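*Asks:* Letter by letter, the chains look like this.
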Amino acid sequence: GDSVTQMEGPVTLSEEAFLTINCTYTATGYPSLFWYVQYPGEGLQLLLKATKADDKGSNKGFEATYRKETTSFHLEKGSVQVSDSAVYFCALLPSGNTPLVFGKGTRLSVIA
Amino acid sequence: EPEVTQTPSHQVTQMGQEVILRCVPISNHLYFYWYRQILGQKVEFLVSFYNNEISEKSEIFDDQFSVERPDGSNFTLKIRSTKLEDSAMYFCASSGLRGDRSLRAFFGQGTRLTVV
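If you read the sequences in order, they're chains A and B. Counting the first sequence from 1 gives a position; my numbering is that position plus 112. Counting the second sequence from 1 gives a position; my numbering is that position plus 56.
Derived by calculation from the structure, the hints in this document are not laboratory data. None of the values given here were measured: they were computed from a predicted structure. Note that the Cβ used here is the ideal one computed from N, Cα and C, for glycine as well. Hints may be right or wrong, so weigh each one.
Distance windows between CB atoms, simulated [said to hold, decoys possible]:
| hint | chain 1 | residue 1 | chain 2 | residue 2 | range |
| --- | --- | --- | --- | --- | --- |
| 1 | B | I76 | A | N134 | 34 to 44 angstroms |
| 2 | A | P152 | B | G72 | 26 to 36 angstroms |
| 3 | A | Y151 | B | V80 | 14 to 24 angstroms |
| 4 | B | D127 | A | Y142 | 17 to 27 angstroms |
| 5 | B | S114 | A | E154 | 22 to 32 angstroms |
| 6 | B | D119 | A | F130 | 31 to 41 angstroms |
| 7 | B | E124 | A | T140 | 25 to 35 angstroms |
| 8 | A | G153 | B | P126 | 37 to 47 angstroms |
| 9 | B | D118 | A | P152 | 31 to 41 angstroms |
| 10 | A | D167 | B | Q67 | 36 to 46 angstroms |
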């Protein structure tokens, strides 16, 4: 079945460091791909999405490119801030538009 | 931005007791969902609800679980006889679009359920 695998955390970085959180997926058809973020004490928020191959989603300095050839959707940010500390979830929406399939989440801690 | 609100934020209950987790979806949304995340594991889909009935459910959503939209604003998840393995974070979500309904789902902050 459809699944998402993302890198194990926690990830600890210094402020202004480069961030990559890896995400790969298994799906039939042409899924849409998402990154959600959960800040402490808050709900899951959509961070960015891409709906077809080679699309790049971007928001708040974060980017991810839908790579069909490698079935990946890695999240990147060039310079992280302390306020980026959160749990990041990669997710896919199968092409049949059934419910979202999530990864386990990766906790990011950014220290000043 | 509109919000999905869940209450309580944390619920502790004894094994075998019934719990009701409450959610207030965004007011003009049509589709409602429950997901859960057991600590350290994936966020898993439980059930979706549309037009006052369950539209889809996962294998996890067995007879122990039920959902209801009792008054047109709340959306509840009832767990009839809780087990230790029901301890998890439960997320409610809603979306409004008829077409790509999960494409823009809004999630609540979650209710952490601890069964002791």
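*Asks:* Each of the hints needs a verdict: does it hold here or not?
*Replies:* Each hint, compared with the structure:
{"no.": "1", "hint": "B:I76 x A:N134: 34 to 44 angstroms", "result": "holds, 38 angstroms"}
{"no.": "2", "hint": "A:P152 x B:G72: 26 to 36 angstroms", "result": "holds, 32 angstroms"}
{"no.": "3", "hint": "A:Y151 x B:V80: 14 to 24 angstroms", "result": "holds, 20 angstroms"}
{"no.": "4", "hint": "B:D127 x A:Y142: 17 to 27 angstroms", "result": "violated, 39 angstroms"}
{"no.": "5", "hint": "B:S114 x A:E154: 22 to 32 angstroms", "result": "holds, 25 angstroms"}
{"no.": "6", "hint": "B:D119 x A:F130: 31 to 41 angstroms", "result": "violated, 49 angstroms"}
{"no.": "7", "hint": "B:E124 x A:T140: 25 to 35 angstroms", "result": "holds, 34 angstroms"}
{"no.": "8", "hint": "A:G153 x B:P126: 37 to 47 angstroms", "result": "violated, 27 angstroms"}
{"no.": "9", "hint": "B:D118 x A:P152: 31 to 41 angstroms", "result": "holds, 32 angstroms"}
{"no.": "10", "hint": "A:D167 x B:Q67: 36 to 46 angstroms", "result": "holds, 40 angstroms"}
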